[in-house]
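**Q** Next come the chains, spelled out residue by residue.
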Amino acid sequence: MAEIFHGLSRRDFLKFCAGTAAALGLSEIFTADKIAQALQAAAGKPPVIWLEGQDCAGCTISLISIENPSPASLILDKISIRYHETIMAASGRIAEEAREEAIRQGGYLLVVEGSIPGADDRFCMVGGRPFREIVKETADRAAAIVAVGACAAFGGIPKGTPTKGLPVSKILPGKTVINLSTCPVHMDHLMGTIVYFLVTHKAPPLDKLGRPLMYFGTSVHDNCRRRAHFDEEEFLTDWNDPKQKEWCLLEKGCKGPETYSDCPIRRWNNGISFCIDAGAPCQGCSEPEFYVEQSPLYAMGPVTDRILAKKAAGLIPRKDNA
Amino acid sequence: MAKRITIDPMTRIEGHLKIEVEIENGKVKNAWSSGTMARGFEALLLGKDPRDASYVTSRFCGVCFSVHQMASARALDAAFGARVPWGGTLLRNLVMGAEYIYDHLVHFYQLSALDYIDIMAVADYKGKDPELNKVKDKVVGLVKRGDTFPLTPRYKPDEFCVNDPDVVISAVKHYLDALNMQIKAKNMGVIFGGRAPHYQSIVVGGFTQLPDINQVARFRSMLDEVAAFVEEVYIPDVVAFGTGPLLPLARAGVGGGHRNYLSYGAFELNESGDKLVFKPGAIFGLVGTKPQRVEPFKPEKITESVRYSWYKKETPKHPYEGSQVFDLQRPEAYSFVKAPRYENVPMEVGPLARGLVDGDPTLLSLINNHGVRPGAVARHAARAIETKKVVEAMYQWCDELTRIMTKPGFRIHDTDHWDPPAESEGAGFFEPPRGALGHWIRIKNHKIANYQAVVPSTWNASPRDERGVRGQYEESLIGVPVPDPENPINVVRVIRSFDPCLACAVHLIDPKTNEIRRFMVE
Numbered sequence: 220m221a222e223i224f225h226g227l228s229r230r231d232f233l234k235f236c237a238g239t240a241a242a243l244g245l246s247e248i249f250t251a252d253k254i255a256q257a258l259q260a261a262a263g264k265p266p267v268i269w270l271e272g273q274d275c276a277g278c279t280i281s282l283i284s285i286e287n288p289s290p291a292s293l294i295l296d297k298i299s300i301r302y303h304e305t306i307m308a309a310s311g312r313i314a315e316e317a318r319e320e321a322i323r324q325g326g327y328l329l330v331v332e333g334s335i336p337g338a339d340d341r342f343c344m345v346g347g348r349p350f351r352e353i354v355k356e357t358a359d360r361a362a363a364i365v366a367v368g369a370c371a372a373f374g375g376i377p378k379g380t381p382t383k384g385l386p387v388s389k390i391l392p393g394k395t396v397i398n399l400s401t402c403p404v405h406m407d408h409l410m411g412t413i414v415y416f417l418v419t420h421k422a423p424p425l426d427k428l429g430r431p432l433m434y435f436g437t438s439v440h441d442n443c444r445r446r447a448h449f450d451e452e453e454f455l456t457d458w459n460d461p462k463q464k465e466w467c468l469l470e471k472g473c474k475g476p477e478t479y480s481d482c483p484i485r486r487w488n489n490g491i492s493f494c495i496d497a498g499a500p501c502q503g504c505s506e507p508e509f510y511v512e513q514s515p516l517y518a519m520g521p522v523t524d525r526i527l528a529k530k531a532a533g534l535i536p537r538k539d540n541a
Numbered sequence: 004m005a006k007r008i009t010i011d012p013m014t015r016i017e018g019h020l021k022i023e024v025e026i027e028n029g030k031v032k033n034a035w036s037s038g039t040m041a042r043g044f045e046a047l048l049l050g051k052d053p054r055d056a057s058y059v060t061s062r063f064c065g066v067c068f069s070v071h072q073m074a075s076a077r078a079l080d081a082a083f084g085a086r087v088p089w090g091g092t093l094l095r096n097l098v099m100g101a102e103y104i105y106d107h108l109v110h111f112y113q114l115s116a117l118d119y120i121d122i123m124a125v126a127d128y129k130g131k132d133p134e135l136n137k138v139k140d141k142v143v144g145l146v147k148r149g150d151t152f153p154l155t156p157r158y159k160p161d162e163f164c165v166n167d168p169d170v171v172i173s174a175v176k177h178y179l180d181a182l183n184m185q186i187k188a189k190n191m192g193v194i195f196g197g198r199a200p201h202y203q204s205i206v207v208g209g210f211t212q213l214p215d216i217n218q219v220a221r222f223r224s225m226l227d228e229v230a231a232f233v234e235e236v237y238i239p240d241v242v243a244f245g246t247g248p249l250l251p252l253a254r255a256g257v258g259g260g261h262r263n264y265l266s267y268g269a270f271e272l273n274e275s276g277d278k279l280v281f282k283p284g285a286i287f288g289l290v291g292t293k294p295q296r297v298e299p300f301k302p303e304k305i306t307e308s309v310r311y312s313w314y315k316k317e318t319p320k321h322p323y324e325g326s327q328v329f330d331l332q333r334p335e336a337y338s339f340v341k342a343p344r345y346e347n348v349p350m351e352v353g354p355l356a357r358g359l360v361d362g363d364p365t366l367l368s369l370i371n372n373h374g375v376r377p378g379a380v381a382r383h384a385a386r387a388i389e390t391k392k393v394v395e396a397m398y399q400w401c402d403e404l405t406r407i408m409t410k411p412g413f414r415i416h417d418t419d420h421w422d423p424p425a426e427s428e429g430a431g432f433f434e435p436p437r438g439a440l441g442h443w444i445r446i447k448n449h450k451i452a453n454y455q456a457v458v459p460s461t462w463n464a465s466p467r468d469e470r471g472v473r474g475q476y477e478e479s480l481i482g483v484p485v486p487d488p489e490n491p492i493n494v495v496r497v498i499r500s501f502d503p504c505l506a507c508a509v510h511l512i513d514p515k516t517n518e519i520r521r522f523m524v525e
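Same order as they appear, the protein sequences are chains W and C.
Numbering-wise (this note's numbering), the first sequence opens with residue 220 and increments by one.
Numbering-wise (this note's numbering), the second sequence opens with residue 4 and increments by one.
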């Protein structure tokens, strides 16, 4: 254990495992000790190839925003990052050779950030080659494939641009792609998925959109602390008004009732806050419709009209009756 | 006989960048900078609700994630006629200040330091410091297990690489400590911004979250910790490197470029906005610290050329008139970065430009008294110097916010100007860590009729312009020593000193689509 989890005491490590087990809903099946054993049994540090396509590096920045374990411990002790353009020391040819060597060894976790241009391969070239080819050849010998962020999972914002960004699953038909679809990826979602895979050697149970149910099983609305104000139709219209501070953000364009993610419970950046707590409406970033079909973002529109119609029809029961 | 080498991908930057250089007699003779990825955000925004822009353009970049939200909101403020209340401005400034600290720490330690230290020298550390010995054990442990990724592979260390074990081991420790500090700085922004990357709370008219006193207290105590790291670790490291092993590189001014500098100015220190942390202006032709010409910033002087860019050909246009129609077939184009010019000349933007335009005394003293010439090392120094300035301003903003937020009628948002006007236009300017950023919007029938952003890396990473004049990266590489074409470490040092952040700037497509042209000697 000390070999693998260098720099982390056994007590801290077990705490990490216990937290992970609880987060994954694994507590009955896997004790923290069992997770620890499984991770120990994994041969050394799991190799990771992280590819960036039509991305903004936001998911990468999420990766180095992790607090438990610390990013240094994650990068140096927990996983073996064989290729990651933003982090690795190597440039140019030697960087590409590192990726090729990792592929030869096989058995790595492939993480893809960013979409793949659908309109023309020339919209994303790395090392002089189309990104699409790089993803395909790297996927062939991967033990698991994780699409991080809205772009890789569903096409995200680039889906609506002239480059017609495609999700990873579209160019890898027949392969299981685990979609962690918030914009950017939530690090708990990624860490938990990695641990789940190391322990069970398979993908966690997924919804029909390829998202782990343990993270994307409930709507933002169901867990929103402003929910009672939605039921009472108290909608915030003025951000300056202290009386309205906790009111429902539907009039500001909130997509919470049609968005599936555990943001309100988990929150972001190690639990500090999240969009709705900052007075900003949920923009549905975890959904395949993000962004074009979610527009307008800050006003009532087709999505919010639909939500109100459902409410009127009694399809969104009051929280106390739910 | 000149040799041409290509570095692709240029790593440890944000985005996809390819650098090609021609080397003759051990020095760079010519250079081409090109990004290799496009998304086309501006085209996507056409016809959308203008308020979407500040949210969508934040996704230009996940590193400098919300400066676009800021510049976009300011363009919308101008177009909507919104007047952001002082409370809203203070909150915007606080989250942007947190972004500065986070961004500069990540750039210096995570993205640049590996170019200047021979990390394996830690194995020779003989000291007794228990913390440093932990670092030694960690790195030696990685080597023993044969898994030193992602610290290797790398370019061979050269004569500018520090290999003194005592210096290297503390640098590696700071590399690891800085990873934790950048989280702290990022988390400060999250308190008011909602989450990071991609803050949520900056919208047209101001801010979305009424702060409470506990949040300010929490922010301030985290600021204390981060400020101590800046003061006690970051600045001393930059000074130690810049005046020690890197002094020859600093004095040679390697990576200087055109020596024209532009800053839009930023960060209000008072409600009327006439006192700023960074003042705006343009410097033409710096020699030593003596500019040939200094002028106030005039937005109308900005144009963008697409002669060498993969867009539909047109004459240079002001951003209000600019468009983004891709044309992948143009033979002379080699980049989808456009070529912004100011009065038709290329400008460097970023910390060095800000410091020079602002006349920062510490920076000027480095140049005048220590012989540091504007170039790669001076850029790292300028970053550290300005981080301290921003930290000091953040304390003032915390105090001011605390003073006004408990008064009745405290406001953070101009709610009267929330609905999009039928027809209008506006420009928004900011100075993100990487340099001058402008967003321009035109609104017709309450929808976006045109949207253009000219971003810091477009200024710095631009290709040649209408007159064939090289962009700033390209020019800064001319004369850079490359004694071994297989090991172009100075090239990556110079490029990384700009803190390239390409996703927002670059839309390049290699014209030779399927040709494999990786780093190679031709």
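Just so you know, the hints here were simulated from the structure itself, not pulled from any lab data.
Glycine residues also receive a C-beta, built at the ideal position from the N, C-alpha and C atoms.
Wrong hints could be hidden among the right ones.
[To be verified] Coverage of chain C stretches by chain W, computed from C-beta distances (three or more under 8 Å per stretch; other residues unrestricted):
#: 1; region: 42-49
#: 2; region: 179-187
#: 3; region: 190-196
#: 4; region: 256-264
#: 5; region: 283-297
#: 6; region: 388-397
#: 7; region: 408-417
[Stated by the list, open to error] Heads up, simulated EDC-like pairs for lysine to aspartate or glutamate below, C-alpha to C-alpha not over 16 Å straight-line:
#: 8; chain 1: C; residue 1: K410; chain 2: W; residue 2: D340
#: 9; chain 1: W; residue 1: K538; chain 2: W; residue 2: E452
#: 10; chain 1: C; residue 1: K141; chain 2: W; residue 2: D296
#: 11; chain 1: C; residue 1: K51; chain 2: W; residue 2: E512
#: 12; chain 1: W; residue 1: K464; chain 2: C; residue 2: D215
#: 13; chain 1: W; residue 1: K530; chain 2: W; residue 2: E453
#: 14; chain 1: W; residue 1: K529; chain 2: W; residue 2: D460
#: 15; chain 1: C; residue 1: K316; chain 2: C; residue 2: E335
#: 16; chain 1: C; residue 1: K450; chain 2: C; residue 2: E489
#: 17; chain 1: W; residue 1: K462; chain 2: C; residue 2: D215
#: 18; chain 1: C; residue 1: K320; chain 2: C; residue 2: E346
#: 19; chain 1: W; residue 1: K530; chain 2: W; residue 2: D460
#: 20; chain 1: C; residue 1: K159; chain 2: C; residue 2: D121
#: 21; chain 1: C; residue 1: K187; chain 2: W; residue 2: E453
#: 22; chain 1: W; residue 1: K462; chain 2: W; residue 2: E477
#: 23; chain 1: W; residue 1: K530; chain 2: W; residue 2: E477
#: 24; chain 1: C; residue 1: K137; chain 2: W; residue 2: D296
#: 25; chain 1: C; residue 1: K147; chain 2: W; residue 2: D296
#: 26; chain 1: C; residue 1: K6; chain 2: C; residue 2: E489
#: 27; chain 1: W; residue 1: K462; chain 2: W; residue 2: D441
#: 28; chain 1: C; residue 1: K137; chain 2: C; residue 2: D180
#: 29; chain 1: W; residue 1: K529; chain 2: W; residue 2: D457
[Unchecked claim] Residues from chain C shown here face chain W by an in silico Cβ test under 10 Å; the list is partial:
#: 30; residue: G18
#: 31; residue: F152
#: 32; residue: Y202
#: 33; residue: E271
**Q** All the hints need checking, so say for each whether the structure fits it.
**A** A quick look at each hint next to the structure:
1. 42-49: With 5 residues closer than 8 Å to chain W, the region 42-49 of chain C meets the three-residue bar; holds.
2. 179-187: holds (count 5)
3. 190-196: Satisfied; 5 residues make the cut.
4. 256-264: violated (count 0)
5. 283-297: Our answer is that it is violated, as 0 residues pass the Cβ test (under 8 Å) against chain W, missing three.
6. 388-397: The restraint on the region 388-397 of chain C is violated, since only 0 of its residues have a Cβ under 8 Å from chain W and three are required.
7. 408-417: holds (count 4)
8. C:K410 / W:D340: violated (57 Å)
9. W:K538 / W:E452: Roughly 13 Å between the alpha carbons, so the hint for K538 of chain W and E452 of chain W holds.
10. C:K141 / W:D296: This hinted pair holds, its Cα atoms lying about 9 Å apart.
11. C:K51 / W:E512: Holds, at roughly 11 Å.
12. W:K464 / C:D215: holds (11 Å)
13. W:K530 / W:E453: holds (14 Å)
14. W:K529 / W:D460: violated (28 Å)
15. C:K316 / C:E335: holds (11 Å)
16. C:K450 / C:E489: violated (52 Å)
17. W:K462 / C:D215: holds (13 Å)
18. C:K320 / C:E346: Holds, at roughly 12 Å.
19. W:K530 / W:D460: violated (26 Å)
20. C:K159 / C:D121: holds (9 Å)
21. C:K187 / W:E453: violated (35 Å)
22. W:K462 / W:E477: Not satisfied, since the Cα-Cα distance of roughly 27 Å exceeds 16 Å.
23. W:K530 / W:E477: holds (12 Å)
24. C:K137 / W:D296: Roughly 13 Å separates the two Cα atoms, so the pair holds.
25. C:K147 / W:D296: holds (13 Å)
26. C:K6 / C:E489: holds (11 Å)
27. W:K462 / W:D441: Between K462 of chain W and D441 of chain W the Cα gap is close to 23 Å, so the pair fails against 16 Å, i.e. violated.
28. C:K137 / C:D180: At roughly 13 Å apart (the allowed maximum being 16 Å), D180 of chain C and K137 of chain C satisfy the hint.
29. W:K529 / W:D457: violated (25 Å)
30. G18: holds (7 Å)
31. F152: holds (5 Å)
32. Y202: holds (8 Å)
33. E271: violated (19 Å)
Hint violations for this structure: numbers 4, 5, 6, 8, 14, 16, 19, 21, 22, 27, 29, 33, all remaining hints satisfied.
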